[in-house]
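Colleague: Listed below, chain by chain, are the residues.
Protein chains: 2
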Amino acid sequence: MSSFDFASLLAPGLPPAAAKWNGLAKYSFVGGNNDPDQVPVEALIKAMSDVLTREGKDLATYGLASGPQGYLRLREFLAQKLKRNAGIACDAGDILITSGSLQALDLVNGIFLARGDTAIIEQECYQGSINRLTRLGVNVVGIPLDRGGMRMDSLASALADLKRRGVRPKYIYTIPTVQNPTGTILSEARRHELLRLAREYGVPIFEDDCYADLIWDGKRPLALYAMSKGVGVVHIGSFSKSIAPALRVGYIVAEWELLSRMLAIKTDAGSGALEQMVLGEYCPAHFDSHVSELTRGLRAKLETMMDALNEHFGTAAEFDDPKGGIFLWVKLPDQVDTLKLYQSALAAGVAINLGPEWSVDKSYSRSRTRLCFASPTHAEIREGIATLAEVCHREFGVPARIANVARG
Amino acid sequence: MSSFDFASLLAPGLPPAAAKWNGLAKYSFVGGNNDPDQVPVEALIKAMSDVLTREGKDLATYGLASGPQGYLRLREFLAQKLKRNAGIACDAGDILITSGSLQALDLVNGIFLARGDTAIIEQECYQGSINRLTRLGVNVVGIPLDRGGMRMDSLASALADLKRRGVRPKYIYTIPTVQNPTGTILSEARRHELLRLAREYGVPIFEDDCYADLIWDGKRPLALYAMSKGVGVVHIGSFSKSIAPALRVGYIVAEWELLSRMLAIKTDAGSGALEQMVLGEYCPAHFDSHVSELTRGLRAKLETMMDALNEHFGTAAEFDDPKGGIFLWVKLPDQVDTLKLYQSALAAGVAINLGPEWSVDKSYSRSRTRLCFASPTHAEIREGIATLAEVCHREFGVPARIANVARG
Chain Y
0 MSSFDFASLL
10 APGLPPAAAK
20 WNGLAKYSFV
30 GGNNDPDQVP
40 VEALIKAMSD
50 VLTREGKDLA
60 TYGLASGPQG
70 YLRLREFLAQ
80 KLKRNAGIAC
90 DAGDILITSG
100 SLQALDLVNG
110 IFLARGDTAI
120 IEQECYQGSI
130 NRLTRLGVNV
140 VGIPLDRGGM
150 RMDSLASALA
160 DLKRRGVRPK
170 YIYTIPTVQN
180 PTGTILSEAR
190 RHELLRLARE
200 YGVPIFEDDC
210 YADLIWDGKR
220 PLALYAMSKG
230 VGVVHIGSFS
240 KSIAPALRVG
250 YIVAEWELLS
260 RMLAIKTDAG
270 SGALEQMVLG
280 EYCPAHFDSH
290 VSELTRGLRA
300 KLETMMDALN
310 EHFGTAAEFD
320 DPKGGIFLWV
330 KLPDQVDTLK
340 LYQSALAAGV
350 AINLGPEWSV
360 DKSYSRSRTR
370 LCFASPTHAE
380 IREGIATLAE
390 VCHREFGVPA
400 RIANVARG
Chain E
0 MSSFDFASLL
10 APGLPPAAAK
20 WNGLAKYSFV
30 GGNNDPDQVP
40 VEALIKAMSD
50 VLTREGKDLA
60 TYGLASGPQG
70 YLRLREFLAQ
80 KLKRNAGIAC
90 DAGDILITSG
100 SLQALDLVNG
110 IFLARGDTAI
120 IEQECYQGSI
130 NRLTRLGVNV
140 VGIPLDRGGM
150 RMDSLASALA
160 DLKRRGVRPK
170 YIYTIPTVQN
180 PTGTILSEAR
190 RHELLRLARE
200 YGVPIFEDDC
210 YADLIWDGKR
220 PLALYAMSKG
230 VGVVHIGSFS
240 KSIAPALRVG
250 YIVAEWELLS
260 RMLAIKTDAG
270 SGALEQMVLG
280 EYCPAHFDSH
290 VSELTRGLRA
300 KLETMMDALN
310 EHFGTAAEFD
320 DPKGGIFLWV
330 KLPDQVDTLK
340 LYQSALAAGV
350 AINLGPEWSV
360 DKSYSRSRTR
370 LCFASPTHAE
380 IREGIATLAE
390 VCHREFGVPA
400 RIANVARG
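Chains as they are written, first to last, in numbering that gives the first Met the number 0: chain Y, 0 to 407; chain E, 0 to 407.
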């Protein structure tokens, strides 16, 4: 309650006010949080101590001694990591370090998008990407996915239809490798077709590879940026999923014509130096071994979640076994409205992501939910899914019988 | 040179592309860089090691265990620091941690400003604040300063004039304590008058206190936020000047009605955790003693710069002895165009800030320059100012005689 009239001075069209933060749910299956026990704390402390002992005085200078594109040693690590893991041929000059991949989204959107523009995205898509486009007043065209990722037949007809209407989309946004929320990986054949269609219609590809490090068999496909030799593709990534989300370090790989435009609107005097320094010091020696250990642990948690869903939901919960990532995209019976389920589940201490928030097709996603398994313990996953099943049974009559009741 | 036509897809009205970074000038008197020898490297390493050993696992969670307003221990330190040093009565719930005070500027602008709005600022003002308002399409009214800071007579007539024209400004932006670039400190009497005028016209005050820790005699005046009990005032600050600019940690103090709006547009999933954790651990024990040592060193560098200016420019360089900060606002003879001087000086290895970039009155500021003394060594300050004097003499005939020539 203000004793000054601020309300009449607020800009028009602001999003609703944020609610006060009330902590995490007892069983939290939301957000991109990761496994606390997998944060390489000791090695990060060692790396931080080494790099600060050697270069700590550089903190007195904006951008350290590396300029506005970000800490040079980190960009050099990324250049060879992306070459080794994703086939991308680039050097430190082609990389811009950002404050998480969310700032990367803002910078790419910032140089391309104006109100009334059109962007093509995957029909099921990261909530933050959908929300950004909505706030920017951009017309979104969603392309359905199947188990092979974005459907190229649908993309081809969408591009043809837009061309008929005289609309040139600003980009095709895709999360090709461990897609969010479906967990699919776009096949190599579809990647070639996607690049061909993008070239044919003169539309750039915006490739978001923020989950691409987390693949069970470690076989990350060639990035679209690699297959196109960088022509007509902007590539972004993040350390949030591979090291720790709270670090807020992401990156953009693009040609200088675009990076120079993004730098001009990146008016933050550089992203956080400590995060960049510690990753630049830690990653060259530890990144690959850490990620393979992390993914083993994530795979085990995924199996616990799939087992719990099978035990407590039976056939009422449909899902595919994803090839990587930190979440499961689950289809519940049609009578389940996940918005209603969300509220009752939260009251029971279980937080889930609503399907409609991860899709531009609200009816298709109405009975779907995204369940993240990285952050809770195995026990919390089992208890949380059991609780969710009880709430779902109580509210919607599905699953028909509750396993742990049946056991009683 | 792109083999894809991106140019036709770029959004309209983008700022010019950034130039490739070429490193710092040999004698750099620009930007907010600080003294490398004053970065408390050892203590920061100790703090980082302690906090990560205790709480490192929290890096797996966005916002740590503290939620979107930022690391709780840092907000708690800020609450008692602001109480002790600036008289501000607030608690952790009234504080939002930001990625430097630049994000604080963006969030405050984001909730108040729309194209065509009017904002009142100090005629000489931080370049980044002026540029933001220009990009947002906001009409800027500049209020002249004198040695006492913003002139209240000019503010009163500006507010009256705007009211006559039916314009209610969105805010009055001020850097009251160690103003950038003039280095002035707004007197207590003027602070009372500023608050009275703001109340009378129903205009909020946007108080930017990012330099307020760096005062030679340590006597920081009461913040406007403190004098108004927070009513009608938004307060922002930063650790860039007091600890290290590369850390990128700033903060906003405001009532929840405003913070809840800012949180809704702060879509970065939190600011960098390591910076917040290390400051939350380091500051409670070390902040005050570090800052008093830092300011002693800055004062010594200021004296070296003033001596060098007197020696090499004589009466051709006019300036007041500022009560704190990291820069000197210098008036050169009217025939000196600092834009021309900037280019010749840079060619000679000396970087200076252009008066016109720190002012909304281009003719008033045409012969003025902002010289930062924090980052160069005492020797670099002496050599850089001598070189600047030679360039200025060569280009504009002032100073009439060059001291080191006269000595020859």
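Hints are supplied without guarantee of correctness; some may be wrong.
Just so you know, same-sequence chains aren't split out, so a pair can sit in one copy or run between any two.
Straight line, CA to CA, 20 Å or less: simulated EDC-like cross-link-like pairs of lysine to aspartate or glutamate [claimed, not checked]:
| # | residue 1 | residue 2 |
| --- | --- | --- |
| 1 | K56 | D34 |
| 2 | K82 | D145 |
| 3 | K19 | E75 |
Derived from the structure by calculation, the hints contain no laboratory data.
Colleague: Should K56 paired with D34 be assigned to within, between, both, or neither, using CA atoms and 20 Å as the limit?
Modeller: between (33 Å within a copy, 8 Å between copies)
Colleague: How would you classify K19 and E75 at a CA-CA limit of 20 Å: within, between, both, or neither?
Modeller: Between. Shortest inter-copy distance 17 Å satisfies the 20 Å Cα cut-off; intra-copy 41 Å does not.
Colleague: For the identical chains here, do K82 and D145 meet the 20 Å Cα criterion within one copy, between copies, both, or neither?
Modeller: Close neither inside one copy (29 Å) nor across copies (58 Å); limit 20 Å.
Hint compliance for this structure: hint 2 alone is broken.
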